[in-house]
Amino acid sequence: MPASIHATPPGAQASDEGLASYRSVQRRASMRALLLALPLIVFLLSTFIAPIALLLARSVQNQEVADGMPQLARALNAWDGNGIPGETTFAQLAAGLRQARESGQLGTIARRLNFAQPEFRSLLMRTARAVNDDAPPAWKPALIEIDERWGTPETWRLLKRAATSPTPDYLLAGLDAQVTPQGAIASLPENASVYRAAFVRTISISATVTLLCLVLGYPVAWLLANLPDKQSNRLMLFVIVPFWTSLLVRTTAWYVLLQPGGVINSLLSSLGLTTHPVALIFNRTGVLIGMTHVLLPYMILAIYSVMKSVPPVYMRAAKSLGAHPFTAFVRVYMPQTFPGVGAGCFLVFVLALGYYITPSLLGGAGDEMISQLIAMQTNTQLNWGLAGALSAYLVIFTAVFYFIFNRVVGIDRLRFG
Amino acid sequence: MRTPIKTHCAAFAVLAFAAVTSHAAETLSVVTFGGAFEAAAKKAWFDPFTQATGATFATESYDGGLAKLSAMEQAKNTTWDLIDLETNDAITACDEGLLKKFDKKTLGKTSDFIPGSISECAVASMVWSTIYAYDASKLKVAPSTVNDFFDLQKFPGKRGLRKSPKVTMEWALIADGVDPKDVYKVLATPAGVDRAFRKLDTIKKNIVWWESGAQAPQLLADGAVVMVQAYNGRIDDAAKKDKKPFKAVWDAQVYDFEWWAVPAGAKHADTAAKFIVSASQPKASADLSKYIAYAPPRKDAIPFVDKQRLADMPTAPENFKRAVQINANFWADNADAINKRFQVWLTQ
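Chains E and W supply the protein sequences, listed in that same order.
Using my numbering, read the first sequence as starting at 1 and increasing by one per residue.
Using my numbering, read the second sequence as starting at 1 and increasing by one per residue.
Since the hints were made in silico from the structure, they are not lab data.
Each hint should be verified, as a subset may be incorrect.
[As the list claims (entries may be wrong)] With beta-carbon atoms standing in for the labels, derived distance ranges:
(1) I240(E) to D47(W): 39 to 49 Å
(2) L45(E) to N77(W): 43 to 53 Å
(3) A191(W) to P141(E): 30 to 40 Å
Note that CB positions come from ideal geometry on N, CA and C, so glycine has one too.
Throw the hints in and build the complete structure from the sequences for me.
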């Protein structure tokens with residue numbers, strides 16, 4: 001305790017020594033803590049942070065052309081980008097195509113360029129097949145002869161863009177924007193804009209799910225916190241068991257329940273409440289039901305843990321001072337549970353942002369969340385640059401939300417039980 | 001529903017068993033689309049090959065696409081020895097150097113293979129088709145053409161379609177009056193794409209989208225749809241094995257080859273190549289059709305196929321009248337652009 005050290009007058013020196021030894025003890029303790037945590041840190045770095053960083057880095061990397069046809073990439077980077085380049089660049093294109101074909105990288109380059117423009121792939125493939133013969137007197141007319149697209153400035157502009165790394169193109173594509181031939185940034189036409197709408201949809205679904213979880217979860221948490229222990233523990237089981245059950249199992253269960261010929265619809269029609277099956281699945285309703293059910297335990301547990309620590313005396317005091325029970329509840333009890341509400345909303349919202357399986361099984365065409373689009377780019381389109389860019393936006397958005405939450409509620413309030 | 005965990009457990013059990021019983025025999029790690037096809041391939045091809053050579057198989061299932069293969073090759077740790085590919089993936093993977101070149105000569109006589117069924121890196125394993133199916137116990141009048149699929153007046157109710165522009169765009173154009181022969185010519189123009197979307201607009205509100213092949217017969221069985229686009233083998237399987245009253249409509253079927261190939265970094269590449277040769281022999285090629293309604297890709301195999309079974313095949317003359325072969329090159333060039341428009345259209 002520094003205060004007691006300062007209290008001893010002859011000890012200016014002693015206090016310094018004491019402070020130094022105190023600090024070295026502190027340092028040793030924190031070193032020991034670090035060493036104990038080291039395996040976990042290394043594990044997280046190698047299996048979590050590094051792969052994520054690598055994926056995010058792909059959103060600006062543009063190495064396909066530079067790796068497969070290095071001379072051409074250098075020539076294109078040196079070229080001013082006006083109109084069509086000269087004979088030497090054409091010759092390098094021919095040499096580059098042959099080289100890439102031999103090294104097996106032509107397909108990768110062709111796929112990369114097809115992202116920029118449809119049929120660029122077949123243009124490269126066809127040209128590469130044709131340039132295997134003897135060198136013509138001049139490559140420029142020869143290549144334009146093979147395919148007239150080599151004579152258009154747009155083809156060369158796109159090739160130059162693909163040869164420049166790092167590139168902003170994927171990050172722009174993730175926001176439905178592109179660089180125009182004039183060099184300005186412009187939005188894509190409406191019939192090619194997917195991602196901005198998908199981000200808005202993801203946020204609106206997540207926010208709705210959060211709200212539903214709050215409305216449904218708050219009373220349950222209150223009940224759990226205020227019942228006698230024995231009953232409360234039994235009731236808790238109904239919250240915990242779904243929490244422990246696999247997400248896929250729960251989603252599939254809803255898939256069965258919500259069918260037009262499923263349990264819920266059969267029940268409704270046998271009770272005579274409906275004549276036609278109600279559309280509960282393959283639409284927004286299905287997504288909201290499924291996601292709310294899966295995420296509800298997080299909300300309940302977060303609020304419950306705070307409610308447990310609210311002393312009952314304040315409510316009693318409020319009532320004894322003449323407050324109506326409802327007023328006492330709203331003005332005295334509820335404000336004390338806000339940290340739990342904040343923590344629950346934060347958890348549910350952030351988890352919902354990345355949802356994938358539930359909307360893809362229970363949702364319809366208009367309910368695609370951003371994770372589904374990222375998965376499509378990763379698995380079927382193989383456009384890992386765009387997948388990286390979309391993931392980067394998702395990470396940034398989550399980080400911003402985390403920052404706001406930490407400011408407003410404080411992340412240390414996040415706990416279960 | 002597919003059960004990957006089960007498959008993994010099975011794969012692990014096989015691996016462990018192989019490790020205990022013999023050190024010499026190899027275990028080929030093979031990845032297929034799983035489900036009924038994997039079960040059929042096991043009986044027709046894997047088991048006989050194990051008997052003949054002692055090499056065992058560890059199976060894994062996937063939903064197509066090259067992401068995993070590509071990642072394995074980049075990490076230089078390819079754990080697959082044999083891969084079951086769709087045509088467009090087979091072309092792209094070969095172009096990108098993800099597959100080993102296949103030596104055609106090892107196949108022996110190849111003149112009777114259907115043209116285009118042997119490529120630089122892969123050999124066709126069978127012919128499969130995308131058709132649409134209905135539940136005969138629920139529809140009083142049987143639909144017979146692809147136009148009926150788009151006719152909400154005659155056949156009210158939901159339709160199941162794969163959430164992909166492939167095949168769906170082709171069907172929309174054919175139902176709109178385009179000759180099956182010209183479908184890719186029309187689809188290559190922006191006006192053709194617009195036309196396909198306009199036709200799809202007419203049934204958009206009644207479409208239920210599926211993503212995994214096993215979902216299609218399930219949707220029909222659940223009564224969630226009255227007609228569903230599906231792979232012919234899955235429907236035949238549900239009709240024959242599960243005794244479902246499902247009927248396939250072959251009009252404007254879109255057929256394709258399925259391919260065997262060996263990944264470039266495969267650890268048991270030679271054995272895998274030997275397997276491809278053994279599974280491609282006429283008798284073996286025909287054997288698959290005993291277990292699933294997919295057709296052999298070579299003419300010499302036809303005499304080995306059961307006469308009655310032949311009628312369930314995509315290549316049966318009765319079924320083949322207005323068949324369209326999927327144009328994998330068209331899709332390799334245009335999938336990015338059309339997919340994007342498809343995504344926009346879906347959410348409009």
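For this structure, which hints from the list above don't hold up? Number 2 only.
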